[in-house]
Amino acid sequence: MKRTFLTLLATATLTVTLSAQKARAPKEDNLAPVDNPNVSRVPESIIRSDSIVKVNATSQSFSPHIPWQKQPPGARRGLGVVLGGRRILVTAQMVADATYIELELPESGQKLPAKVLAVDYEANVALLIASALPVKTEEFFATLKPMAVDASARIGDSLSILQTGRVGDLIVSPMRVSKVMTQPYVVETAAFLVYEATGIIRSEANSFTLPVVKGGKLAALLLRYDNKNQVATLLPAPIIAHFLKDVEDGKYEGFPSLGVEIQQTQDEQFREYLGMKNDVKGAFISGVAKDASAEKIGVKEGDIVLSINEFSVDSRGDYQDPQYGALSISHIVRGRSFVGDKVEMKVLRDGKELMLKGELLRKQPDSYLVPPYIFDRGPNYVMMGGLLFQELSQPYLEAFGGDRQSGAVLRLSHIADHPEEYEKQGRKKLVFLSAVLPTPSVQGYERLGGQVVNTVNGQKITDLAALADAFTKPVDGIHTVELKEFPRFLHLDAISVERDNLKLIGGQYRLGSLKRIE
Amino acid sequence: MKTHFLVASFTALIAWIPLSQAADSPEVSQAIDTTSGEWEGIVNIDVSVLVPDYREPWNAGQPSGGSGTGFLIGKNRFLTNAHVVSNATKVVIRTMNDPEPHPAKILFIAHDCDLAIIEAEDPSAFEKLKKLELGGIPKLNTEVIAVGYPIGGERISVTRGVVSRIDFRPYSHTSVDNHLAIQVDAAINPGNSGGPVLQGGKVVGVAFQGYSGQVAQNVGYMIPMPVIKRFLKDIEDGTYDHYVDLAASNFAIENPAQVKALGLDTEGQGVLISDVEPAGSAGGILKAGDVLLAIDGNPVFNNGLIRVDGDLVDMNEVVERKFAGDKVNIEFLRDRKRQTETITLKRFLPYVTLGNQYNQRPRYIVSAGLVFQPMDRNLMDANDMRNPLTSYFFDNYMTDKLYKERPEVVILTNVLPDEVNTYLSSYRGSIVDEINGVKIRQLKDVKEGLAAKNAGKEDFIVIKLLENDRPLVLKRALAEAAHPRIMQTYNISEDAYLGNE
Numbered sequence: 127m128k129r130t131f132l133t134l135l136a137t138a139t140l141t142v143t144l145s146a147q148k149a150r151a152p153k154e155d156n157l158a159p160v161d162n163p164n165v166s167r168v169p170e171s172i173i174r175s176d177s178i179v180k181v182n183a184t185s186q187s188f189s190p191h192i193p194w195q196k197q198p199p200g201a202r203r204g205l206g207v208v209l210g211g212r213r214i215l216v217t218a219q220m221v222a223d224a225t226y227i228e229l230e231l232p233e234s235g236q237k238l239p240a241k242v243l244a245v246d247y248e249a250n251v252a253l254l255i256a257s258a259l260p261v262k263t264e265e266f267f268a269t270l271k272p273m274a275v276d277a278s279a280r281i282g283d284s285l286s287i288l289q290t291g292r293v294g295d296l297i298v299s300p301m302r303v304s305k306v307m308t309q310p311y312v313v314e315t316a317a318f319l320v321y322e323a324t325g326i327i328r329s330e331a332n333s334f335t336l337p338v339v340k341g342g343k344l345a346a347l348l349l350r351y352d353n354k355n356q357v358a359t360l361l362p363a364p365i366i367a368h369f370l371k372d373v374e375d376g377k378y379e380g381f382p383s384l385g386v387e388i389q390q391t392q393d394e395q396f397r398e399y400l401g402m403k404n405d406v407k408g409a410f411i412s413g414v415a416k417d418a419s420a421e422k423i424g425v426k427e428g429d430i431v432l433s434i435n436e437f438s439v440d441s442r443g444d445y446q447d448p449q450y451g452a453l454s455i456s457h458i459v460r461g462r463s464f465v466g467d468k469v470e471m472k473v474l475r476d477g478k479e480l481m482l483k484g485e486l487l488r489k490q491p492d493s494y495l496v497p498p499y500i501f502d503r504g505p506n507y508v509m510m511g512g513l514l515f516q517e518l519s520q521p522y523l524e525a526f527g528g529d530r531q532s533g534a535v536l537r538l539s540h541i542a543d544h545p546e547e548y549e550k551q552g553r554k555k556l557v558f559l560s561a562v563l564p565t566p567s568v569q570g571y572e573r574l575g576g577q578v579v580n581t582v583n584g585q586k587i588t589d590l591a592a593l594a595d596a597f598t599k600p601v602d603g604i605h606t607v608e609l610k611e612f613p614r615f616l617h618l619d620a621i622s623v624e625r626d627n628l629k630l631i632g633g634q635y636r637l638g639s640l641k642r643i644e
Numbered sequence: 125m126k127t128h129f130l131v132a133s134f135t136a137l138i139a140w141i142p143l144s145q146a147a148d149s150p151e152v153s154q155a156i157d158t159t160s161g162e163w164e165g166i167v168n169i170d171v172s173v174l175v176p177d178y179r180e181p182w183n184a185g186q187p188s189g190g191s192g193t194g195f196l197i198g199k200n201r202f203l204t205n206a207h208v209v210s211n212a213t214k215v216v217i218r219t220m221n222d223p224e225p226h227p228a229k230i231l232f233i234a235h236d237c238d239l240a241i242i243e244a245e246d247p248s249a250f251e252k253l254k255k256l257e258l259g260g261i262p263k264l265n266t267e268v269i270a271v272g273y274p275i276g277g278e279r280i281s282v283t284r285g286v287v288s289r290i291d292f293r294p295y296s297h298t299s300v301d302n303h304l305a306i307q308v309d310a311a312i313n314p315g316n317s318g319g320p321v322l323q324g325g326k327v328v329g330v331a332f333q334g335y336s337g338q339v340a341q342n343v344g345y346m347i348p349m350p351v352i353k354r355f356l357k358d359i360e361d362g363t364y365d366h367y368v369d370l371a372a373s374n375f376a377i378e379n380p381a382q383v384k385a386l387g388l389d390t391e392g393q394g395v396l397i398s399d400v401e402p403a404g405s406a407g408g409i410l411k412a413g414d415v416l417l418a419i420d421g422n423p424v425f426n427n428g429l430i431r432v433d434g435d436l437v438d439m440n441e442v443v444e445r446k447f448a449g450d451k452v453n454i455e456f457l458r459d460r461k462r463q464t465e466t467i468t469l470k471r472f473l474p475y476v477t478l479g480n481q482y483n484q485r486p487r488y489i490v491s492a493g494l495v496f497q498p499m500d501r502n503l504m505d506a507n508d509m510r511n512p513l514t515s516y517f518f519d520n521y522m523t524d525k526l527y528k529e530r531p532e533v534v535i536l537t538n539v540l541p542d543e544v545n546t547y548l549s550s551y552r553g554s555i556v557d558e559i560n561g562v563k564i565r566q567l568k569d570v571k572e573g574l575a576a577k578n579a580g581k582e583d584f585i586v587i588k589l590l591e592n593d594r595p596l597v598l599k600r601a602l603a604e605a606a607h608p609r610i611m612q613t614y615n616i617s618e619d620a621y622l623g624n625e
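Chains as they are written, first to last, in our numbering: chain A, 127 to 644; chain B, 125 to 625.
Some clues are possibly wrong.
What the hints assert, rightly or not - To give an idea of the chain B side of the interface with chain A (calculated C-beta under 10 Å), a few residues:
1. W182
2. N374
3. V383
4. Y527
5. V586
By construction, these hints were calculated from the structure, which means they are not laboratory data. Given the structure is predicted, the values throughout are model-derived calculations rather than measurements. We treat Cβ as the ideally placed atom computed from N, Cα and C, and that holds for glycine.
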């Protein structure tokens, strides 16, 4: 019966195969299929916009499971908005992992290579500039005029979505803003302001990113479109303006966050328990993130937040925005404030009101134990004689697809959701054995994968750099790897590992390098 | 992937192609005269079943039925599979030449090895039947026949094949037990379950499982004699004490660096101990990193096998044949030093939670519409648990030794909607950590917690979940007033079943 354990534990290991990347759903590279261009009718008067260019990007990400390899390249085509200083605004998604970006004049088809000037993947906005000779750039921008940003849109306003036809003609589709709320853009960690608008968007080429205008000024960028319900989700001007303002001083700081989890307080019994009188509004703080703004100013779990800055908080965790009405309090911080701004929070604690004050911070993307996203670089890895070590990231987990209900994937996902315990151990990243390539030095370990690494040669492993360092110090010619789980201990012969490392470089598995630590 | 024949007989295999009766192969040596009485001890067992409802645990469950095979091994003692008579409300025996149904009852049932003994309530009808003789382990590639009452007809059926493989296999009845099993290529079909597999007129196994679907051809399994004999010995004292377990997992030592690092000078001997359950038999004696060299004097090879009766089998076979309270001597290497220890064997309970359980009424507590149930496989299978923390707890209950802190993980499985709990419905599926300051380590703690007064907030019932959510709060007076109303509305007659304690 004891074999039971072996079976249970062994089945919990990852079955990372070299075809694992196929499990990743193909990215929807174009928002909509390209229309059949056999439109014979010649429009009598072509409407044009002199503030819009086509943006064609080729992107290629690294394989999360085979980190030395790149996925097949894909193309994304959208429309960019010309801003002052010959800068082009697009969504960050448009140029994520880009290998080549070019701008194209819709009518003449003239092209110009471009590069990313600034990008924020959480806020999903990017600025491009030309990467060509000045004279070519001059010529390209000669007929273009910058578009102004207009953050005044409200619920009920009419907006226009701009698309270009085959010959550069402008296609204008009306949209009406029906809802304003907050939700994550492409990265799940942060919710931002969005407009939801209803209307029909045509299937045209270059629709991955589309400008949305109000009276000739930029009101939003298209984030996603649900063509069944004809609902467009728009990345609104206030967020674009925030990004542009932040970029101005040359030092990009990003969007601040509070770092609290809140719960509603509409439940009368709960309100009575908390000592909230009938007329008291406010939301219950059920979690405070370590080292985030809220913790730094003294917010504690169990507090009831009554107001933030000048806005009172209701029992849903919303405030009354002067422009949009009821909106999540996250927008007070993320949308209306900058990193370094003062914040004031009034909380109810033990029946007493407290005023807490301090500065707003941003949780830096690289400060996560499990990074929520990795763009424009390959995942870190270390190969030792066939053992592939990686740092856990959300893209790694997402590459397994939907089913994460059991085994090592569930265990790793659990760590990603509950990083606190591991952060307390002093880990900066979560290093784990992700796969094993069959070499003589890893004989017997081929079926492993998914085990968290605790120590190597007695040294604590806080990230891959620490692991690479520890592997330089074998004891009596042997490396000892201590794993958090089954089978707990692996031993490797240091000399045979070096021999296998040499064979792996450029060998059957096409390894160009034994590690990537960035 | 594996399925019980009994269960499958209700669902699939309707498109059965009848084989010609004229299949009298020229080589049939022992034609059986069915009136001679030689096989009269092989009986059909018809069962009425009540499958417990873990979603509405206060309900009786779903009535169902099935049939299998059993055979006489002693005076009014019929051996069959546990899965044939699991959750039975009525058991009836029929012999091959007598259509009369004879009511029977279960004497012993061993879910961990899928065996049971039943007896007829009135033994007189079976007094003249010949019991079947028990044999030994058949050799590979020797001929066996499976006899029973599988689907495809009413009368007794015989199929023939050879012994294909002898190996440790998972027993799918509980899904967590592994024992020795013998694979045969004789057709074993739904209804064969519990029937004898014979060689030279003697029983060499009990047919019990196979593969469903198209994954394999001609693969059937029988429970071999060592498992059957162990069961029969275990029940000699009138109770079944279950299998015992070392509760340690091992990892094959194949890597030369591992051999060197662990200081092994024994060519091919010794397996790495990679995990030891603290609450199991080996807890506190073996530890991860030890190298197990021998069990009861049998050398353990680097892949965890030992040689028993000339065959290589899993080292656990030594433990498998022992009983609760028996001892086993182990020799192991720790920090390059040879040591010996004696382990007293016992059953390891936490793993039972992870397997299918039978003949049990679901345990629960309902209070003000909140339904509390202990986490186990039956519950997890009945509810499509999408709460990631609950899935994690179930999947890692042993890996992370979660059983140490929570012998039972209590889940708020349902919130029966009422005015009093209307804000709590979204917390369904969460793990309950504390009620009114009482730590919830098992279901009965819920009862204690609900009765406890919350210091400083006596008027409230405060339930803390394991998630970093808000506490669930009910005003005691409102909850108490709502409770009878909810019980009546949702047709619940008892507000708790805590088991026979």
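Do the hints match the structure? See the list:
no., hint, verdict
1, W182, "violated, 25 Å"
2, N374, "holds, 6 Å"
3, V383, "holds, 8 Å"
4, Y527, "violated, 13 Å"
5, V586, "holds, 7 Å"
This entry does not satisfy hints 1 and 4, going by the numbered hints stated previously.
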